[in-house]
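Model the full assembly from the supplied sequences, consistent with the hints where possible.
Next come the chains, spelled out residue by residue.
2 protein chains.
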Amino acid sequence: MSSNITFHHHKISKADREKLKNQKAVLFWLTGLSGSGKSTIANRLEEKLFNLGKHTYILDGDNIRFGLNSDLGFSEKDREENIRRIGEVAKLFVDAGIIVITAFISPFRKDRERVRKLFPNGEFVEIFVDTPLEICKKRDPKGLYQKVERGEIHNFTGIDSPYEKPENPEIYIDTTKMDIEEATNIIIRYYINRYSGVDR
Amino acid sequence: MSSNITFHHHKISKADREKLKNQKAVLFWLTGLSGSGKSTIANRLEEKLFNLGKHTYILDGDNIRFGLNSDLGFSEKDREENIRRIGEVAKLFVDAGIIVITAFISPFRKDRERVRKLFPNGEFVEIFVDTPLEICKKRDPKGLYQKVERGEIHNFTGIDSPYEKPENPEIYIDTTKMDIEEATNIIIRYYINRYSGVDR
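First to last, the sequence lines map onto chains A and B. In terms of my numbering, the first sequence opens at residue 1 and continues consecutively. In terms of my numbering, the second sequence opens at residue 1 and continues consecutively.
Fair warning: there could be bad hints in the mix.
Unchecked claim - With a straight-line Cα cutoff of 30 Å, these simulated DSS-like cross-link-like pairs (lysine-lysine) come out: (1) LYS11(B) / LYS24(A); (2) LYS19(B) / LYS21(A); (3) LYS142(B) / LYS48(B); (4) LYS21(A) / LYS14(B).
What the hints assert, rightly or not - Derived list of chain B stretches under chain A, where covered just means 3 residues or more per stretch with a C-beta under 8 Å from a C-beta of chain A: (5) 11 to 19; (6) 82 to 89; (7) 96 to 102.
Unchecked claim - Derived Cβ-Cβ restraints for the label pairs, each shown as a range: (8) GLY151(A) / ASP71(B): 26 to 36 Å; (9) TYR190(A) / ASP16(B): 15 to 25 Å; (10) ASP174(A) / HIS154(B): 53 to 63 Å; (11) LYS147(B) / ILE153(A): 43 to 53 Å; (12) LYS147(A) / PRO132(B): 52 to 62 Å; (13) LYS14(A) / SER70(B): 19 to 29 Å; (14) HIS154(A) / ASP16(B): 30 to 40 Å; (15) GLU164(B) / GLY151(A): 44 to 54 Å; (16) ASP174(A) / GLY143(B): 54 to 64 Å; (17) ILE135(A) / PHE74(B): 45 to 55 Å; (18) ILE153(A) / ASN51(B): 44 to 54 Å.
Hints listed in this document are in silico derivations from the structure and should not be mistaken for laboratory results. Where is the CB? At the ideal position from N, CA and C, for every residue including glycine.
So this is what it looks like as structure tokens:
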């Protein structure tokens, strides 16, 4: 908490950490319906970045919902707080020089915009994983749509709670027109084109 | 949120990330009174680790209180939640392969023990920065002890709120017997002895 400035030599900065890791840190924010393919894309994207020697980290339901946000439920207020905290944690990771990939439905525009505002221009990359509801329902990887149908879950995005599509996402992934390889290649190319010349 | 296992190739693991960074990830948890020298030690420690090519990140009041935990006050419940969240975020960073250094008073034993339990043995390194209250008061780097004296702050650790000393910290720093260089060298040696042979 304190800071005895007298003893400080040189505070290691984000730029120092990026240099050590030889990369530009950004946040890839995946948004889309449950079952749209966010986690699949996140994992394959991370694998490709890893193979390029990039330092990455995925924030998703698996490591957030049962840890940091285990105190939150699914009320409107809690869902808003869920996204707020994820944004703040992502900011810390980007500050640490890491390429962060988040995979959350994040249905509300205002919540996503609030996260965007935490970052300087160009560091928040919104990726809309657009998959028709009918396909998501068919996949239903976690059996959640079935639970909704049985009346066991309420306020479910796309069913009885809205999904507000991004209006100007940095990257648009139409999963009806491309497979996982193509989708992740688009993101990799986006990263390389923008930041690899600058590999600092 | 979802996981279309079909498409998964290989989930990048903590071990993969440690290997990429050529280091073992741990959490150095500094605890001690306000003004004890935690931030000074954290910053100098980070500088030394950085010079060894290690990937580090400091969590402290500066980047936590105004971001992730900006919704928390200083009530007993909020202070407990403050430390809980810091522990959970530190866990994510360690999982990302980073050497994390935290600098928070963290006065209560049960809160620190709760964080310890989040980690496998050996990954949570408690460092007690032991500085007599009188010296902390004299330093008073943030003018907080003065504010307490003027009655502007209450429930201040060491004054009208207890500081529960660690009983078995992994590292004990007696700041009356050593300077910042010696203190940080002890921590560096601890790290190298334990983890550098294993540099994975």
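Taking 44 to 54 Å as the hint, is the beta-carbon distance of ILE153(A) and ASN51(B) inside that range? With a Cβ separation near 52 Å, ILE153(A) and ASN51(B) satisfy 44 to 54 Å, so the hint holds.
Is LYS19(B) close enough to LYS21(A), meaning Cα to Cα at most 30 Å? holds (13 Å)
CB of LYS147(A) to CB of PRO132(B), is that within 52 to 62 Å? holds (58 Å)
Using the beta carbons of ILE135(A) and PHE74(B), state whether their distance is inside 45 to 55 Å or not. 49 Å Cβ-Cβ, so the 45 to 55 Å window holds.
Would you check the hint for LYS142(B) and LYS48(B), treating anything up to 30 Å between C-alpha atoms as holding? Status holds; Cα separation ~25 Å.
Three residues minimum, CB to CB under 8 Å: does the stretch 11 to 19 of chain B make the cut for coverage by chain A? Let me know. Three-residue rule met by the stretch 11 to 19 of chain B, so holds; n is 4.
Verify the proposed pairing of LYS11(B) with LYS24(A), using a straight-line Cα cut of 30 Å. holds (22 Å)
Please verify the coverage claim for the stretch 82 to 89 of chain B: does it have three or more residues whose C-beta sits within 8 Å of some C-beta in chain A? The restraint on the stretch 82 to 89 of chain B holds, since 3 of its residues have a Cβ under 8 Å from chain A and three suffice.
Can you take a look at whether the stretch 96 to 102 of chain B is actually covered by chain A? Rule is 3+ residues, C-beta closer than 8 Å. holds (count 3)
Outcome for the supplied range 43 to 53 Å, where the beta carbon pair is LYS147(B) and ILE153(A): Holds: the Cβ-Cβ distance is about 49 Å, inside 43 to 53 Å.
Range hint compliance [Cβ, TYR190(A) to ASP16(B), 15 to 25 Å]: holds (23 Å)
Restraint status (C-alpha distance of LYS21(A) to LYS14(B) at most 30 Å): holds (16 Å)
In this structure, none of the earlier numbered hints is contradicted; all agree with it.
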